[in-house]
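S.K.: Protein chains in written order, with the numbering used here: chain C, 296 to 406; chain B, 24 to 136.
Take the hints with a grain of salt, since some may be wrong.
A short list of chain B residues far from chain C (calculated; beta carbon distances all over 10 Å) [what the hints assert, rightly or not]:
#, residue
1, 35
2, 45
3, 56
4, 67
5, 68
6, 86
7, 91
8, 115
9, 125
Simulated restraints, written as ranges between beta carbons of each label pair [what the hints assert, rightly or not]:
#, chain 1, residue 1, chain 2, residue 2, range
10, B, 26, C, 392, 32 to 38 Å
11, C, 406, B, 93, 47 to 53 Å
12, B, 96, C, 313, 23 to 29 Å
Rather than coming from a laboratory, the hints here were simulated on the basis of the structure.
Since this is a predicted model, take the numbers as computed values, not measurements.
Backbone N, C-alpha and C fix where the C-beta goes; we use that ideal spot for every residue, glycine too.
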Amino acid sequence: GESVGLHLPTLSVQEGDNSIINCAYSNSASDYFIWYKQESGKGPQFIIDIRSNMDKRQGQRVTVLLNKTVKHLSLQIAATQPGDSAVYFCAELSHTDKLIFGTGTRLQVFP
Amino acid sequence: NAGVTQTPKFQVLKTGQSMTLQCAQDMNHEYMSWYRQDPGMGLRLIHYSVGAGITDQGEVPNGYNVSRSTTEDFPLRLLSAAPSQTSVYFCASRSWTIDNEQFFGPGTRLTVL
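Using the sequences and the accompanying hints, generate a full structural model.
M.R.: What follows is the structure, given as structure tokens:
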């Protein structure tokens with residue numbers, strides 16, 4: 296079946312450092328991946344996406360890398376700020392057009 | 024635009040009771056979906072709809088019904104609530120044409136006693 300998983304449940308970083316959140320996916324047929332940020336008590340918020348014909352995409356302070364060979368996705372946050380503290384989910388759009396979420400990584404930013 | 028709205032925000036039910044979680048969007052999105060999120064876990068797809076009059080099952084559809092009579096509304100019905108349905112429920116919508124970005128509602132926290 297389809298599954299999307301994350302390597303680390305919690306990531307702690309110091310303010311100003313770069314953060315890297317990893318995600319593995321199993322469906323090699325998926326062609327669209329999304330990173331979401333979820334703050335406590337709120338719904339997920341879109342951060343950045345990437346299509347399978349790309350291996351890198353940059354946004355404001357965020358970069359998503361896609362390695363299709365090993366079916367790995369990562370989210371890099373530059374100069375991490377306290378406001379970045381949240382749970383981050385990767386999600387995969389399956390060939391049946393269902394958005395499948397991973398279990399999430401909690402990012403904690405300390406001063 | 025209000026985006027995706029959900030009501031109620033909180034609900035407590037007794038086992039066996041039924042209720043409907045409301046979801047509405049004002050962005051004219053074709054695609055709407057319902058997810059549940061259990062503590063420490065990701066979101067799991069319950070049901071989804073690709074347009075008015077069309078619905079389909081997601082990963083965990085048992086115990087839930089949906090209908091899509093209009094583009095704007097996508098209610099989720101619990102026919103006979105069970106403690107295993109205690110969760111936070113999120114509704115989402117997206118357009119086919121705008122980079123597939125999916126917008127989520129604020130969630131409904133449901134407790135079944």
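S.K.: None of the hints should be skipped; say for each whether it holds.
M.R.: Evaluated hints:
| no. | hint | result |
| --- | --- | --- |
| 1 | 35 | holds, 17 Å |
| 2 | 45 | holds, 15 Å |
| 3 | 56 | violated, 7 Å |
| 4 | 67 | violated, 7 Å |
| 5 | 68 | violated, 6 Å |
| 6 | 86 | holds, 19 Å |
| 7 | 91 | holds, 15 Å |
| 8 | 115 | violated, 8 Å |
| 9 | 125 | violated, 6 Å |
| 10 | B:26 <-> C:392: 32 to 38 Å | violated, 22 Å |
| 11 | C:406 <-> B:93: 47 to 53 Å | holds, 49 Å |
| 12 | B:96 <-> C:313: 23 to 29 Å | violated, 43 Å |
In summary, the numbered hints that this structure violates are 3, 4, 5, 8, 9, 10 and 12.
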